[in-house]
Amino acid sequence: MNKTPFFARFGKSEASVAWLFMAPGLLLLALFVFWPIIYSIPLALTNYSVIGKTDFVGFDNFVKALQDKSFITSLINSLLYVIVVPFIQFFSILMAILVNSNVRGIKLFRTAYYIPVVTSMVAVALIWGWLLNQNGVVNYILSNVGLMQERITWLSNKNTALWTLMFITMWKGLGYYMMIYLAGLQSIPKDLVEAAMIDGANRAQTIRKITIPLLKPYVFFCSLISLMAAIRVFDEVFILTMGGPGDATLTSSLYIYQQGFQQFNFGYSSALGLIVSVIIAALSIVIFRFNRKGGVNPY
Amino acid sequence: MSKIGAFLLYTLMIIVALICLGPFLWLLSTSLKTGENLYAFPPQFIPNPITFENYVKVFDIMPLWNYMWNTVVMTASGVGLNIIFCLITAYPLARLSFPGRNFIFFAIISTMILPNAAGMIVNFITINKLGLYNSMMGVVIPSAISVFNVFLLRQAFITIPREMEDSARVDGAGEFRIFCSIMVPMIKPTISTVLIFDFMAFWNSFLWPIIVLDDPKKYPLAPALSYLQGSLSFNFAYIAVGTIISIIPIIVIFLILQKQFINGMVGAVKG
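If you're matching them up, the sequences are chains A and B in order. Sequential numbering from 1 applies to the first sequence in the working numbering. Sequential numbering from 300 applies to the second sequence in the working numbering.
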């Protein structure tokens, strides 16, 4: 666009108006978005902490990290957590198919499924903490229907704690992904499905050959964001188990938090953060490539 | 649809609804129980007797008003600042021409794909250096702008037809007038989406307030509930009441604005 005479008259160029508008926002972005990205690298090369003086220590923090058993455990737990990703896609697609109709009251059901998404993780974690304790409702129901002999302390048993947390994460998140998949389902042209039906395809076939392939971009998107969320899982772990029992539910975000904000080893914590960032980036690339190659292509 | 089909569909939908809402009903039932029934096994699904005493007493036992006020202050200032800063940053990127515009835009959105697990440490150091440790300002200011919202609002500003602006310019309106009285009203749907998601993010925020606030009295509801649950062995009916109070506003807002919620979310995905 050319400068209009209007600006000239007031001695203000469009560019100066633009910078004036953006200045406060850019300042904040520089401080809280760009600076953390830049500064976390040199920070990771120091032993910066609240006490003592700060020295440049080269790659010591990274060497230390690789020998740090708790950190390795936390990485393994975080990677295990990624198991929720395919389950989330599976169940949320099923839920989306379930509510993708125009029957009476369908909006009410969709709303109900979305309620866990809008509530805070603190509330959700507290509720499930009660439901899952030894004398809780879950044990009562499971033993009554004969699925269980003795009552399990789900969150304080090292064999079940991590899986239980994954369940809670899924329970809270499914409604969100369901809505995205629902949008995907509704973008599929109806005549495509009808044509297939006329050609003699049954419902299962149309789902497999039409619905799922057309949902692929949505699966890609949802997998990517649920993957990132899974690796960074924090709130539910912090509220319910604090990484315990032992290190059974110690996730990398929790360990980074502990090193940074409980031990105040900012340099070390920053190095751990960088390692995790690289892993997240690598996994995202895997998903990107999987997507390009066609992934689970039913054709 | 056949009758059997409809029956099956509704049965399935009701089962899923029970799984989704059951825990909240349990929370409600817990909050209405008297002391000894809380720990009963088998658990009582419908409280007997029903008591509202917990709802009254809880305000004497924990500073709930205080926590609610903190949450309101945090959410209102956070949402307000975020929407203003995102709007004024997004607008020039969409509608004004100046050298370096594309560079700035791509620099901003490229941060969306960079995972930054160490960012919180740096932000904490920054907040400390600014002297904002243990203050609500320190909680809110790092989220006073968000890259994703800038992106969404820029995309919305771009779609406004040029003629709107030109005719205002012919009438002699200044750049700021055009922004306030033409541009912003034109993208109301996107703004309401951003508002809703900001509201949700601030109201439910948990980790950052815990990091920045040293004094638990300054905590908003979510961190406060977790803190009370962990540090004091309360009769958990009180925590249940606190939890209910913390989720009511967000559920009410969701129910009122659910259309914008869902359209906005889907729009955000497509964007």
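Keep in mind that the hints are not guaranteed to be accurate.
[To be verified] Now the in silico label distances, taken between C-beta atoms and shown as ranges:
#, chain 1, residue 1, chain 2, residue 2, range
1, A, W163, B, Y432, 35 to 43 Å
2, A, S101, B, G334, 43 to 51 Å
3, A, K64, B, V372, 37 to 45 Å
4, B, V355, A, I141, 54 to 62 Å
5, B, I457, A, I83, 34 to 42 Å
6, B, F340, A, G52, 46 to 54 Å
7, B, S480, A, F34, 31 to 39 Å
8, B, G304, A, I83, 27 to 35 Å
9, B, I383, A, F34, 18 to 26 Å
[Unchecked claim] Calculated cross-link-like contacts (lysine-lysine; reagent style DSS-like; alpha-carbon spacing at most 30 Å):
#, chain 1, residue 1, chain 2, residue 2
10, A, K53, A, K209
11, B, K428, B, K516
12, A, K158, A, K69
13, B, K356, A, K107
14, B, K428, B, K517
15, B, K558, B, K487
16, A, K209, A, K64
17, A, K107, A, K190
18, A, K216, A, K64
19, A, K158, A, K190
20, A, K190, A, K209
21, B, K356, A, K216
22, A, K190, B, K302
23, A, K190, B, K558
24, B, K302, A, K209
25, B, K487, A, K107
26, B, K516, A, K107
27, B, K558, A, K64
28, B, K517, B, K356
29, A, K53, B, K428
In short, the hints are calculated from the structure, not lab data. We put the beta carbon where it would ideally sit given N, CA and C, even for glycine.
Quick rundown of the hints versus the structure:
{"no.": "1", "hint": "A/W163 x B/Y432: 35 to 43 Å", "verdict": "holds (38 Å)"}
{"no.": "2", "hint": "A/S101 x B/G334: 43 to 51 Å", "verdict": "holds (46 Å)"}
{"no.": "3", "hint": "A/K64 x B/V372: 37 to 45 Å", "verdict": "holds (41 Å)"}
{"no.": "4", "hint": "B/V355 x A/I141: 54 to 62 Å", "verdict": "violated (32 Å)"}
{"no.": "5", "hint": "B/I457 x A/I83: 34 to 42 Å", "verdict": "holds (40 Å)"}
{"no.": "6", "hint": "B/F340 x A/G52: 46 to 54 Å", "verdict": "holds (52 Å)"}
{"no.": "7", "hint": "B/S480 x A/F34: 31 to 39 Å", "verdict": "holds (33 Å)"}
{"no.": "8", "hint": "B/G304 x A/I83: 27 to 35 Å", "verdict": "holds (34 Å)"}
{"no.": "9", "hint": "B/I383 x A/F34: 18 to 26 Å", "verdict": "holds (20 Å)"}
{"no.": "10", "hint": "A/K53 x A/K209", "verdict": "violated (64 Å)"}
{"no.": "11", "hint": "B/K428 x B/K516", "verdict": "holds (23 Å)"}
{"no.": "12", "hint": "A/K158 x A/K69", "verdict": "holds (17 Å)"}
{"no.": "13", "hint": "B/K356 x A/K107", "verdict": "violated (37 Å)"}
{"no.": "14", "hint": "B/K428 x B/K517", "verdict": "holds (20 Å)"}
{"no.": "15", "hint": "B/K558 x B/K487", "verdict": "holds (14 Å)"}
{"no.": "16", "hint": "A/K209 x A/K64", "verdict": "violated (51 Å)"}
{"no.": "17", "hint": "A/K107 x A/K190", "verdict": "holds (20 Å)"}
{"no.": "18", "hint": "A/K216 x A/K64", "verdict": "violated (41 Å)"}
{"no.": "19", "hint": "A/K158 x A/K190", "verdict": "violated (49 Å)"}
{"no.": "20", "hint": "A/K190 x A/K209", "verdict": "holds (14 Å)"}
{"no.": "21", "hint": "B/K356 x A/K216", "verdict": "violated (53 Å)"}
{"no.": "22", "hint": "A/K190 x B/K302", "verdict": "holds (22 Å)"}
{"no.": "23", "hint": "A/K190 x B/K558", "verdict": "holds (23 Å)"}
{"no.": "24", "hint": "B/K302 x A/K209", "verdict": "holds (27 Å)"}
{"no.": "25", "hint": "B/K487 x A/K107", "verdict": "holds (24 Å)"}
{"no.": "26", "hint": "B/K516 x A/K107", "verdict": "violated (40 Å)"}
{"no.": "27", "hint": "B/K558 x A/K64", "verdict": "violated (51 Å)"}
{"no.": "28", "hint": "B/K517 x B/K356", "verdict": "holds (21 Å)"}
{"no.": "29", "hint": "A/K53 x B/K428", "verdict": "holds (17 Å)"}
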